[in-house]
Amino acid sequence: MALEKILMPQLGESVTEGTVSNWLVQEGDHVNKYDPIAEVMTDKVNAEVPSSFTGVIKELVADEGQTIEVGELMCYIEVEGSKGEEAEVISQSQDQQEVRSDAQQDQSMKSRYSPAVMRLAQENSIDLSQVSGSGRGGRITRKDIEQIIQTGQIPNVKEEQVATSPEQKEAEYTPPTIKRKFVQADPGDKEIPVTGIRKTIAQNMVRSKTEIPHAWMMIEVDVTNLVKYRDSEKSKFKENEGYNLSYFAFFLNAVAKALKKFPQLNSSWAGDKIIQRKEINLSIAVAHEQELFVPVIKSVDEKSIKGIAKEIHTLSKKARNGNLTPQDMEGGTFTVNNTGSFGSVQSMGVINYPQAAILQVESIVKRPVIINDMFAARDMVNLCLSLDHRVLDGVICGQFMSHIKGILESISSDTTPIY
Amino acid sequence: MPVISYIQAVTQALKEEMTRDEKVFILGEDVGVRGGVFRATDGLYEQFGEARVLDTPLAESAIAGVGIGAAMYGMRPVAEMQFADFIMPAVNQIISEAAKIRYRSNNDWNCPITIRAPYGGGVHGALYHSQSVEAVFANQPGLKIVMPSTPYDVKGLLKAAIRDNDPVLFFEHKRAYRLIKGEVPEGDYTLPIGKADVKREGSDITVITYGLCVHFALQAAEKLATEGINAHILDLRTVYPLDKESIIEAASKTGKVLLITEDNKEGSIIGEVAAIISENCLFDLDAPIKRLAGPDVPSMPYAPTMEKEFMINPDKVEKAMRDLAEF
Numbered sequence: 008m009a010l011e012k013i014l015m016p017q018l019g020e021s022v023t024e025g026t027v028s029n030w031l032v033q034e035g036d037h038v039n040k041y042d043p044i045a046e047v048m049t050d051k052v053n054a055e056v057p058s059s060f061t062g063v064i065k066e067l068v069a070d071e072g073q074t075i076e077v078g079e080l081m082c083y084i085e086v087e088g089s090k091g092e093e094a095e096v097i098s099q100s101q102d103q104q105e106v107r108s109d110a111q112q113d114q115s116m117k118s119r120y121s122p123a124v125m126r127l128a129q130e131n132s133i134d135l136s137q138v139s140g141s142g143r144g145g146r147i148t149r150k151d152i153e154q155i156i157q158t159g160q161i162p163n164v165k166e167e168q169v170a171t172s173p174e175q176k177e178a179e180y181t182p183p184t185i186k187r188k189f190v191q192a193d194p195g196d197k198e199i200p201v202t203g204i205r206k207t208i209a210q211n212m213v214r215s216k217t218e219i220p221h222a223w224m225m226i227e228v229d230v231t232n233l234v235k236y237r238d239s240e241k242s243k244f245k246e247n248e249g250y251n252l253s254y255f256a257f258f259l260n261a262v263a264k265a266l267k268k269f270p271q272l273n274s275s276w277a278g279d280k281i282i283q284r285k286e287i288n289l290s291i292a293v294a295h296e297q298e299l300f301v302p303v304i305k306s307v308d309e310k311s312i313k314g315i316a317k318e319i320h321t322l323s324k325k326a327r328n329g330n331l332t333p334q335d336m337e338g339g340t341f342t343v344n345n346t347g348s349f350g351s352v353q354s355m356g357v358i359n360y361p362q363a364a365i366l367q368v369e370s371i372v373k374r375p376v377i378i379n380d381m382f383a384a385r386d387m388v389n390l391c392l393s394l395d396h397r398v399l400d401g402v403i404c405g406q407f408m409s410h411i412k413g414i415l416e417s418i419s420s421d422t423t424p425i426y
Numbered sequence: 009m010p011v012i013s014y015i016q017a018v019t020q021a022l023k024e025e026m027t028r029d030e031k032v033f034i035l036g037e038d039v040g041v042r043g044g045v046f047r048a049t050d051g052l053y054e055q056f057g058e059a060r061v062l063d064t065p066l067a068e069s070a071i072a073g074v075g076i077g078a079a080m081y082g083m084r085p086v087a088e089m090q091f092a093d094f095i096m097p098a099v100n101q102i103i104s105e106a107a108k109i110r111y112r113s114n115n116d117w118n119c120p121i122t123i124r125a126p127y128g129g130g131v132h133g134a135l136y137h138s139q140s141v142e143a144v145f146a147n148q149p150g151l152k153i154v155m156p157s158t159p160y161d162v163k164g165l166l167k168a169a170i171r172d173n174d175p176v177l178f179f180e181h182k183r184a185y186r187l188i189k190g191e192v193p194e195g196d197y198t199l200p201i202g203k204a205d206v207k208r209e210g211s212d213i214t215v216i217t218y219g220l221c222v223h224f225a226l227q228a229a230e231k232l233a234t235e236g237i238n239a240h241i242l243d244l245r246t247v248y249p250l251d252k253e254s255i256i257e258a259a260s261k262t263g264k265v266l267l268i269t270e271d272n273k274e275g276s277i278i279g280e281v282a283a284i285i286s287e288n289c290l291f292d293l294d295a296p297i298k299r300l301a302g303p304d305v306p307s308m309p310y311a312p313t314m315e316k317e318f319m320i321n322p323d324k325v326e327k328a329m330r331d332l333a334e335f
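Protein chains in written order, with my numbering: chain H, 8 to 426; chain P, 9 to 335.
Be careful, since some hints might not be right.
Claimed, not checked - Each computed DSBU-like pair below joins lysine-lysine, with the alpha-carbon atoms no more than 30 Å apart:
id, chain 1, residue 1, chain 2, residue 2
1, H, LYS245, H, LYS305
2, H, LYS216, H, LYS313
3, P, LYS231, H, LYS117
4, H, LYS324, H, LYS310
5, H, LYS150, P, LYS327
6, P, LYS327, H, LYS40
7, H, LYS150, P, LYS231
8, H, LYS40, P, LYS231
9, H, LYS150, P, LYS316
10, H, LYS150, P, LYS189
11, P, LYS298, P, LYS327
12, H, LYS268, H, LYS235
13, H, LYS216, H, LYS117
14, H, LYS117, P, LYS327
15, H, LYS235, H, LYS206
16, H, LYS324, H, LYS267
17, H, LYS245, H, LYS285
18, H, LYS117, P, LYS203
19, H, LYS267, H, LYS216
20, H, LYS241, H, LYS197
21, P, LYS261, H, LYS150
22, H, LYS197, H, LYS186
23, H, LYS243, H, LYS373
24, H, LYS268, H, LYS206
25, H, LYS235, H, LYS216
26, P, LYS203, P, LYS189
27, H, LYS117, P, LYS298
28, H, LYS280, H, LYS313
29, H, LYS216, H, LYS264
30, H, LYS197, H, LYS267
31, P, LYS316, P, LYS273
32, P, LYS23, H, LYS150
33, H, LYS188, H, LYS313
34, H, LYS117, P, LYS261
35, H, LYS150, P, LYS108
Said to hold, decoys possible - A partial selection of chain H residues facing chain P, derived with a Cβ cut-off under 10 Å:
id, residue
36, LYS117
37, SER121
38, ARG149
FYI, nobody ran anything at the bench for these hints, they're computed from the structure. Positions of the beta carbon are idealized from the N, C-alpha and C atoms, including for glycine.
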């Protein structure tokens, strides 16, 4: 009996560490060589770690959720047999297992057909994709085909097509997956490990952009009245409340009102149905250093301008301090993104999956505008909408945007009290 | 049926043919009084006398030339090259005269000579006593090259070679001389030159080879049979001209073909066998045609370890056969 170590394997080029997401064995379990013992997550792959030995798991050193470096100890295993003849016998049988398990796993030759196999398959209308091969790398050998012909259990090409064609019609389109190209750092480059939140952002963005057919539209809104109104109120507000009366609160208020009228935009694509949300919970994008958080202001339609401004203030502060809880970020039904705060005047947002649309509020800019055939200096803002074209069409979104425009352009202390 | 050795089969065939036909005579170095350096002509000098068993000078060109002249004149000479390695001085006589006389003379002349020569390694013979020379002669229409593997084939084919009306090179593996024994009928029989022979029936892989390697393949096949791998083994017996029909049939049978020769790999007999298979059997092939051969180095090394490395052996054959079976 000998105690052996199982170390974190190199699970891919440039992978330096892995997180034990799940132990598949317990202490005291007997495992064979190549049996999976743990699931490990790296920034490249999720993989099962095979046992390097046959024996009994003695001690699990790494905890679930723990990230350890490649080559570091994962667990101890007590290996059966001792040195000498016995060990040799075992290593021989292990060799055989190695060969066998290799043969089982490696399917690289599965669709490499020899001329003989091609000819026999054609002559007998055999669907080779349904034949399992006994050759190296899963290759279908001439003998495999000859055996099929002899036994008469021929997986026929034509029958197969008929059987699957209705299914094929209904099947949803799955885009081909292309493997990511290996990107290497040059000397002097800085390698920044991807944090959990960054990974989540990346996953959501890829999912959104690959699944949702995005469409875009933009309107410009004259917010001169809003600017005047807010300017007249902001000092007093700050004095009373202790935080800023932001333009963003007015935009959220307008969006909530418009969503109430056009609930179609407050919805999600659910494959065989569209789910229209009852609650109007607005996700707002808040950037903090390298990270992007999307906290949610709930039931915006029920809140005053002050109430909205207060929540913006609270959530931004929480984001800056890193105090946002999962609850703060749950339940969003539509996203409003304050891109104008960076000076942007036009942008195309990526929809916050699984919502149906996102509105980008751009910078308010003073511009010459023609009113009644005369130039006037007006405060203008662009609103950009990205929409899920499976759920929404141009007509409804145009109406939605016009409605917001109407609300914003008619803002005054009469129509939109702060309290 | 009596069991005799490979070399005893040579002697028996010579003796029976000399008894049968008085035109048959032997010439070569040390073939007479000494009975041959391998004792292949043992007792023939005593039985048939110095007129029919001629000791010649050390001049292979003369052995071949005298033999060719006698053959053209109606005799049935059996010339011996003491080692196949020594055949080189006689190449001009064999290729330019023996092989071409029937064609050149518009069928007026022919040359029924048999030239025997021991070839092959594995006997610590090094450079001058180990070569396989068959490929040198294997693109000379007019010649036949016979390379038997068993005592039974030796006797039947040597008799056929002597009776053949055209020149035949008869290469005997010197390691097989006393290593290989087998049942050989006492009476007279011949085997057809130009016909390959199935030495073992099987359905998983086909091995095509000749000479001593046939035995290595047979040994390996027995071992592999216990693992469920059944090898079909074809012994070429005549390596020039090749028995295309049998080669195509054997290759098509399993679609997985291993070709073996002790000769250097590039330009060897089995390259031609591979060409025949790929020309004719594409749609039956289930694996690339594989070759197992000696390395492409100038000669058999003398150092035992190096010679072992050069030589084909049952282990190498078994490994190659298993590899192909698993493909």
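Results for each hint:
1. A hinted pair counts as satisfied when its Cα atoms are at most 30 Å apart, and LYS245/H with LYS305/H qualifies at roughly 23 Å.
2. For the hint linking LYS216/H to LYS313/H, the alpha-carbon distance of about 35 Å lies beyond 30 Å, and the restraint is violated.
3. In summary, the hint linking LYS231/P to LYS117/H is supported, as the alpha carbons are separated by about 29 Å, within the 30 Å threshold.
4. With a CA separation close to 20 Å, the supplied pair LYS324/H and LYS310/H stays within the 30 Å bound.
5. As the CA atoms of LYS150/H and LYS327/P are separated by approximately 20 Å, the hinted pair is consistent with the 30 Å bound.
6. Our distance criterion of 30 Å between C-alpha atoms is met by LYS327/P and LYS40/H, whose separation comes to about 26 Å.
7. This hinted pair checks out: LYS150/H and LYS231/P have alpha carbons roughly 21 Å apart, not beyond 30 Å.
8. With a CA separation close to 29 Å, the supplied pair LYS40/H and LYS231/P stays within the 30 Å bound.
9. For the given pair, LYS150/H sits about 35 Å from LYS316/P by alpha-carbon distance, which is inconsistent with the 30 Å threshold.
10. Of the supplied pair hints, the one linking LYS150/H and LYS189/P is violated, its CA atoms being roughly 36 Å apart against a limit of 30 Å.
11. A distance of roughly 12 Å separates the Cα atoms of LYS298/P and LYS327/P; the hinted pair therefore holds under the 30 Å criterion.
12. The suggested pairing of LYS268/H with LYS235/H holds, with an alpha-carbon distance near 27 Å, which does not exceed 30 Å.
13. For the proposed pair LYS216/H and LYS117/H, the alpha carbon gap of about 33 Å is over 30 Å, so the pair is violated.
14. A threshold of 30 Å between alpha carbons decides the hint, and for LYS117/H with LYS327/P the separation of about 23 Å falls inside it, so the pair holds.
15. In summary, the hint linking LYS235/H to LYS206/H is not supported, as the alpha carbons are separated by about 42 Å, beyond the 30 Å threshold.
16. Of the supplied pair hints, the one linking LYS324/H and LYS267/H holds, its CA atoms being roughly 28 Å apart against a limit of 30 Å.
17. About 33 Å separates the Cα atoms of LYS245/H and LYS285/H, which puts this hinted pair outside 30 Å; it is violated.
18. Taking the CA atoms of LYS117/H and LYS203/P, the gap is near 39 Å; set against the 30 Å cutoff, the hint is violated.
19. For the proposed pair LYS267/H and LYS216/H, the alpha carbon gap of about 27 Å is at most 30 Å, so the pair holds.
20. Distance check on the hinted pair: LYS241/H and LYS197/H sit about 44 Å apart at the alpha-carbon level, beyond 30 Å; violated.
21. Taken as a hint, the LYS261/P and LYS150/H pair is honoured in the structure, with Cα atoms around 11 Å apart against an allowance of 30 Å.
22. Proximity of LYS197/H to LYS186/H is assessed by CA-CA distance (about 24 Å); at most 30 Å being required, the pair is judged to hold.
23. A distance of roughly 24 Å separates the Cα atoms of LYS243/H and LYS373/H; the hinted pair therefore holds under the 30 Å criterion.
24. Distance restraint check for LYS268/H and LYS206/H: the Cα-Cα separation of roughly 36 Å exceeds the 30 Å cut-off, and the hinted pair is therefore not satisfied.
25. Only pairs whose Cα atoms come within 30 Å are accepted, and LYS235/H paired with LYS216/H is rejected, the gap being roughly 39 Å.
26. Our distance criterion of 30 Å between C-alpha atoms is met by LYS203/P and LYS189/P, whose separation comes to about 22 Å.
27. Proposed proximity of LYS117/H and LYS298/P is supported: the alpha carbons are some 21 Å apart, at most 30 Å.
28. For a cut-off of 30 Å, the pair hint linking LYS280/H to LYS313/H is broken: about 37 Å separates their Cα positions.
29. Of the supplied pair hints, the one linking LYS216/H and LYS264/H holds, its CA atoms being roughly 28 Å apart against a limit of 30 Å.
30. Of the pairs offered as hints, the one joining LYS197/H and LYS267/H is violated, with about 48 Å between alpha carbons and a cut-off of 30 Å exceeded.
31. Note on LYS316/P and LYS273/P: the hinted pairing holds, with a Cα-Cα distance of about 16 Å set against a maximum of 30 Å.
32. Only pairs whose Cα atoms come within 30 Å are accepted, and LYS23/P paired with LYS150/H is rejected, the gap being roughly 49 Å.
33. A distance of roughly 49 Å separates the Cα atoms of LYS188/H and LYS313/H; the hinted pair therefore is violated under the 30 Å criterion.
34. For the proposed pair LYS117/H and LYS261/P, the alpha carbon gap of about 23 Å is at most 30 Å, so the pair holds.
35. Simply put, LYS150/H and LYS108/P have alpha-carbon atoms about 47 Å apart, too far for the 30 Å limit, and the pair is violated.
36. A hinted interface residue such as LYS117/H counts as satisfied when its beta carbon comes closer than 10 Å to some beta carbon of chain P; here the least separation is about 14 Å, so the hint is violated.
37. Hint status for SER121/H relative to chain P: holds, with the closest Cβ pair at about 4 Å, below 10 Å.
38. Because the beta carbon of ARG149/H sits about 4 Å from the nearest beta carbon in chain P, less than 10 Å, this interface hint is met.
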